[in-house]
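K.L.:
Sequence:
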Amino acid sequence: MNARWVALLLLASFMAASCSEKPEPKRESKGEENESKPREDEIAEDCVAFVRSTKVLPSTPECAGCTGDSREALAFRQIKVDRMSCAGAACEITVTLRAAFHAGPSGTIAGGLAGWLSPEQRQAFLSGHAPEGEQLYPVKITYRRNGEEWRPVEFDRADPK
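Residue numbering for the sequence shown is 2 to 162, as defined by our numbering.
Some clues are possibly wrong.
Beta-carbon label-pair distances, calculated as ranges [what the hints assert, rightly or not]:
| # | residue 1 | residue 2 | range |
| --- | --- | --- | --- |
| 1 | Pro-106 | Asn-147 | 37 to 45 Å |
| 2 | Leu-127 | Gly-89 | 21 to 29 Å |
| 3 | Asp-157 | Arg-123 | 16 to 24 Å |
| 4 | Glu-133 | Val-49 | 33 to 41 Å |
| 5 | Glu-149 | Ser-71 | 33 to 41 Å |
| 6 | Leu-137 | Gly-105 | 27 to 35 Å |
| 7 | Gln-122 | Asp-157 | 41 to 49 Å |
Rather than coming from a laboratory, the hints here were simulated on the basis of the structure. Keep in mind that this is a model prediction, so the values were computed, not measured. For each residue, glycine too, the CB sits at the ideal point set by N, CA and C.
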């Protein structure tokens, strides 16, 4: 081999090595973005779990404290993130949840969105007549960062738009 070929090979090797060491800026910015606020898919998962935690408990006197016979009161339909405000290790996120009542035997509604139900909806459900159609629930979720993960710490009633 002549000296020119050796020099070209060394130059090509050096360039390939130096190019491969450069970090990808998109990955870094995406990682920083994920750390600065909860991801929308995580918010959606938390909201689905919150809706599903709204349970119907049997309304029979002999089973006043039973929870084994509980069933989901609402079926999750959709989430819309309305507002997100983050500062440091805390975020306040306002969402609108769409859910529909499951038809079924009457009972007492507890957990999850139970506090959002109107007295009329509660009475209808207790008498075995689940309200029809989708219902809208404005919810404010407070998130706190724990290390690398965001965790919901409170679900509260949000002001309707």
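K.L.:
Against the structure shown, which of the earlier numbered hints fail to hold, in ascending order?
P.N.:
Per hint list: 2, 4, 6, 7 violated.
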